[in-house]
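Enquirer: Turn these sequences into a full structure, and let the hints guide you.
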Amino acid sequence: MVETSDIRVVRCGGSKVNLTPPIISSDSRFVLCTSGDLVKVYSTRTEEWLHSLQGHTNQVTGITLNPANHLQVYSCSVDGTVKLWDFIDGILIKVQLVEVHETVEIFLSSGLCVSACPECFQLVSVHLPKSAEQEVEAKEMSAVSSHISKNPSCTAFGRGGEYIAFARHLQLNVYFFRKQKTYSFSLKATDKKGAKNAFTCIACHPTDDCIATGHEDGKIRLWRNFIHKKEYTYSTQHWHHNAVNTLCFTPEGTHLLSGGIESVLVQWQYGAGNRKEFLPRLGGSILHISASSDGQLFCTSHSDNKITVIESSFKVCGVIQGLVKDAVLTDLMIDPRSKALVLNGKPGHLQFYSLLRDKHLYNLDIVQQEYIYEAGLDQFEVVKAAFDIKGSWLATVEERGKKSSDLEFFLKLWAFDERTQSFVLNTTITAAHTDRIISMCFSSSEETTMLVTAAEDSQFKAWCQGADADTQQDQNFWSCDFVGSYHKLNPTNCSFSADSSLLAVSFQEVITIWSPDTWEMLTTLCQPPGVIRDLCFGRLSCSKYLLGTTTKNLLCCWNLLTCELEWSTSVDVSKLQPDPFSENVAAFSYQSKHTDLFVFKPSEPRPLFTNKNVCSEKVHRAVFVPREEPLNSCDESTQWLNRSQLYFLTQNMDLLTFSTATEEDRMLSSSKQLVIDDSVAVTPFYLLLGKHRQQQQKLNTQSHPVSDKPQQTQGSVTIKELLHTPAHVLPAASVLCSMFVNSFLISNTGVQQDPLSWLT
Amino acid sequence: MCLFCVPMPYIRCVVWIMSVWMWKSPEVLLYCRCSEGREPVFISDMASFKPTKVQFLPKLGEKVTEDTLYWKNYKSPVQIKEFGAVTKIDFSPLAPHNYAVTASTRIHVYGLHSQEPIRSFTRFRDTAYGGSFRGDGKLLVAGSEEGLIRLFDISGRVALRQFTGHSKAVHVTSFLSDGFRVVSGSDDLTFRVWDVPSAVELSSITEHTDYIRALAPSKLNPDLFVTGSYDHTVKVFDMRSGSSVMTMQHGHPVECVLLYPSEALLVSTGGRYVKIWDLLKGGQELVSLKNHHKTVTCACLSSVGNKLLTGSLDRHVKVYNSSYKVVHNFDCDASILSMAVAPDDEVVAVGMTNGVLSVRHRKHKKDKETLTSRRRRGPSYRVFVKGKNFVPRQDDFLVSKPVKQYLRKYDKQLKSFEVSKALDTALQTWTRTSKPEVTVAVIIELNRRGTLKNALAGRNEESLTKILNFLLKHIFDPRFSRPLLTVGDIVLDLYRQVLHQSPVVERQLQRLMEVLGREAELQQELLQVLGILDTLFASLTPRKEVAALAALPVDQGPQLQAA
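Those protein sequence lines, which keep their order, are chains A and B.
UniProt numbering numbers the first residue of the first sequence as 1 and each following residue consecutively.
UniProt numbering numbers the first residue of the second sequence as 1 and each following residue consecutively.
I should point out that these hints are in silico values taken from the structure, not numbers from a laboratory.
A few of these clues could be false.
Cross-link-like lysine-lysine pairs, in silico, PhoX-like; alpha carbons within 20 Å at most [unchecked claim]:
#1 K50/B / K290/B
#2 K290/B / K325/B
#3 K404/B / K53/B
#4 K388/B / K404/B
#5 K315/A / K50/B
#6 K453/B / K415/B
#7 K181/A / K219/A
#8 K401/B / K315/A
#9 K315/A / K290/B
#10 K435/B / K473/B
#11 K415/B / K386/B
#12 K544/A / K488/A
#13 K453/B / K403/A
#14 K276/A / K415/B
#15 K359/A / K402/A
Label-pair ranges, simulated between beta-carbon atoms [to be verified]:
#16 M513/B / A327/A: 41 to 47 Å
#17 A264/B / K339/A: 22 to 28 Å
#18 F278/A / V403/B: 19 to 25 Å
Not close to chain B: a few residues of chain A, all C-beta gaps over 12 Å, as computed [claimed, not checked]:
#19 Q72
#20 S293
#21 L377
#22 D378
#23 A498
#24 G530
#25 T725
All C-beta atoms, glycine included, are put in the ideal place defined by N, C-alpha and C.
Expert: This is how it looks when you write it as structure tokens:
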């Protein structure tokens, strides 16, 4: 076995952008949000990811603008640090270490930072010391409350930091910093009608003494006069039918925004009772709302890993979409055309995600029904999807009613439309099987496409693009070609060989091999103990092998020429994934609470590569992604990563991948090119003008200018600089013009004549 | 085709299909094509409401093909009453395409669009038979019950020639393709060839042993003709040799023979059978069709695409496609004796035993166009088009207006979560009766939203009656039965306490129960039939001997299905 030193597991893109409320810079040009251990900066206009603030070593849990300087942003992280950044240039200004047991959980503003540790959720105020050093330790802190809600939106600063309001269960507390005193107000556990009164979120009015609280039953209460313990008042408004997730006042305090699971942004007019505006169908349920300081833009973050930018006129003007991986039911797939990762996205959609650019490409609406945002409603979900080898067909299965007895499902086939560059629905099959479809695969030959579905009704069906002789229209929709079964056993998996001359369908413990041309059963293979779980054929030089894994911890390899078992080994394989570009097969096995990876060729039972303890959860989904340019590593242990990269999804929905040392070196070297000499302040102007001046100086100092050639090079240098500097940092054209023209002039090397001499 | 792949509610249809069309796959009813494949919704336009999707499920029964569309495109028939059974219809090959109708003691010549005869030949003492035109459409020959053959000029009234010689009734007469000779077949077992100019008998051949009732001259060769007789044979005669050159056994008394224009194929009808013979292969039988359930009396070819039409005593005219599958069916009031199709398929004329001539004219696009153009002349169209054909100039700044999404009424109500109202809208009389799939789609949508119970609750007797009527009508439609059974369950759950208060609702429920009981019985019977069929199939399948490699247990099931 090969020791693994230069291959390591890395978390790759697509982390959550909806964990904390996004913030909008005061000039409304940037949106900042946390994403894993980064803070990402997006443009509000173009929705482009501009850059990210790198430096934290663990999950960033909160960001806020520096109240003293609107070009700076504070961020806090689970690693116990608070960092101050210049977010436009992405420069780290200051690091403050906060010694709160282990971690900083929540972070708020106004010169003092309030944080909590995760065990008891204490609210602690920390004074950030003012010092010039880059790394400071903040020691001065005082506890405000020892029990607060886990939910960060249950804590809010009021009126420029005069007081802080926080709620837990049925109690609302207001702490005044100046008086150092806490007032608390509590509600009854249940109302008359049995409504749930627990607090879910809090927002404080920026100028008025008013606190808005959201409740689990969807009510919004506006609390006033809370300076007095007894004489407080509140008014109640009710529109949401489920818990209010978030509340936010606009900076002037004229409106209150609220959002919940319905995914409708509600704008209440402050002080005008029940007048409200709605913005429906924003996507997933609304988790956070934030407003820009001039009140022109709002930002909502949604449960489907998305940030929506909304104008104050209630118009959506931008969407920043991250990778959705909350409920992945389909396999991980690669779209053969765009090489994008395809998996479940928004409810009822498939998402296409570019792993290279870490960017969401688009959503394909599979279900094509109005999604009702309501808790506990059983709705259609895409459970299976498969691409054919050229990417011109997509088959999907959507399903509803898994829990209840009446299962509904549709098999849909989508054709790729060259003109619109997207998939268009071709055929809907309403009753493809009588029970749910377990496995589905396309044939791998390029000429004819065929889909095989295996279902729990103990049958498998082959679907072809049928040309019906009677109706002579130019239709090309799909119909059933063949129905097969074996001893009324339930099929468990199906797979086509690389040249699609063989189809393997596993029925419980037996694998049947069929010829798709004649639909004749050729042979059966069986290795008794355990139901077959995964099936795959070998590729290229190993195409005569068939691999299968059973539930009884057995990995078997059959030779199809002799119909005999070639080798078998005892591994509990949770996922078997063949590499489409090489002979290699990756097997994830789960043993004693950690997952191991084995990469092997079917022709030999010795693994090429082993990685023990890849992660601590089971791996059920993995995919090989082709590389844009192949690596040329000769090392035996990393050779299998030369042409493609292995991505896998753990049960905690973390998308992980393997990266090699050579790859990291390459990335490092490419980033080094950007680093310029640090001794001089480098600006684009310096690059353009400074060098030019240096050259001129050199030329001047040269006593004897050389022939014509240097001029040419000089000119080309100027042109090069001109062309290589980004347009937006170039100086004014008037400055450039003379220099540009000068660069073309051939400097006179001969004896200078007085130009006016011949006139006289 | 496989019987095992069909879910239980569909068994009924499967058996129905089997009876009609043995080798059609039942998947016919399982797939449907999305007529308007919607483009994927991108992030930018997600804020629009997605309307309820009405599932288009194909109806069971005949498939709509281009052939059916072509043959459906006839107006409703014009009925002309004749004096007796119409035994022969013949279209003139020349341009106005008048047609001669032989019935009783007369021959009427009709124009294509007239319902009154242009001309009639009435100088028959007894029943006339087999009036047919010459190739130039100027002469007409007809036989008669008394054995005389008369030749008429189309513009005259009196017979130009009379051929005497047959001793019994002459049922079939025809010109040979040179136009100078007439051939006739008679009940005295002979057929004779007559010379038109001199009115003398050229030859008389007795080869058939029973009445001759069918005759078809060759159009390409003036010496060839085909005869069919009640002695179950079809013979091809060559006048040059003076005897039959080919004999085919039809197996039933031959009523009609017909040659394809290429004269390579021959059609003979008799009994319930229509048989196609390949003359180039020496009279080999190509197909034998049994689509009628009474004697097939007549056959003809359409001039567009040479589609075969057959008429029978069972009152149906069937149209076959080129692979001899029935693509269309005309129904008539009485048993059919004769039939003819005008050139270009303009007219299909059918003569029946009750003396009615039914004439179908082809619909033309012109008629439709005049209708639509009249509609378009109104001002509304102009208003509608206003500004739409404006072409912007190059430097114009275009401000695009958002396209308004038009929603159906029930969709609007669903959008605002008014579930009861949406169900009411979907149950409106027009929708309920003419588009039940829309109603069912709304019911499915409500069920998906988990609000079907709310929508059904709190209804009065009138609206509950509506729902129950809808259930009664459609609960057995295999396309709708699943959601409608849910509706039935919920209605019973909701109104169990108050049902006895309304006699109307109670009666409807009683009926629903009866129908459901009957349906359950039927299902059970069908399952029994299925079991019988299973055993039949199993016994028919050749049992494969298990190969020497006994390790491979080969199941019978897949083989059966593969077959």
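Enquirer: Now tell me, hint by hint, if it's right for this structure.
Expert: Checked hints:
{"no.": "1", "hint": "K50/B / K290/B", "in the structure": "violated (51 Å)"}
{"no.": "2", "hint": "K290/B / K325/B", "in the structure": "holds (11 Å)"}
{"no.": "3", "hint": "K404/B / K53/B", "in the structure": "holds (19 Å)"}
{"no.": "4", "hint": "K388/B / K404/B", "in the structure": "holds (16 Å)"}
{"no.": "5", "hint": "K315/A / K50/B", "in the structure": "holds (19 Å)"}
{"no.": "6", "hint": "K453/B / K415/B", "in the structure": "holds (18 Å)"}
{"no.": "7", "hint": "K181/A / K219/A", "in the structure": "violated (28 Å)"}
{"no.": "8", "hint": "K401/B / K315/A", "in the structure": "holds (15 Å)"}
{"no.": "9", "hint": "K315/A / K290/B", "in the structure": "violated (69 Å)"}
{"no.": "10", "hint": "K435/B / K473/B", "in the structure": "holds (13 Å)"}
{"no.": "11", "hint": "K415/B / K386/B", "in the structure": "violated (32 Å)"}
{"no.": "12", "hint": "K544/A / K488/A", "in the structure": "violated (28 Å)"}
{"no.": "13", "hint": "K453/B / K403/A", "in the structure": "holds (19 Å)"}
{"no.": "14", "hint": "K276/A / K415/B", "in the structure": "holds (18 Å)"}
{"no.": "15", "hint": "K359/A / K402/A", "in the structure": "violated (32 Å)"}
{"no.": "16", "hint": "M513/B / A327/A: 41 to 47 Å", "in the structure": "holds (43 Å)"}
{"no.": "17", "hint": "A264/B / K339/A: 22 to 28 Å", "in the structure": "violated (58 Å)"}
{"no.": "18", "hint": "F278/A / V403/B: 19 to 25 Å", "in the structure": "holds (21 Å)"}
{"no.": "19", "hint": "Q72", "in the structure": "holds (32 Å)"}
{"no.": "20", "hint": "S293", "in the structure": "holds (26 Å)"}
{"no.": "21", "hint": "L377", "in the structure": "violated (5 Å)"}
{"no.": "22", "hint": "D378", "in the structure": "violated (8 Å)"}
{"no.": "23", "hint": "A498", "in the structure": "holds (24 Å)"}
{"no.": "24", "hint": "G530", "in the structure": "holds (19 Å)"}
{"no.": "25", "hint": "T725", "in the structure": "holds (32 Å)"}
Hint check: violations occur at hints 1, 7, 9, 11, 12, 15, 17, 21, 22; the rest are consistent with the structure.
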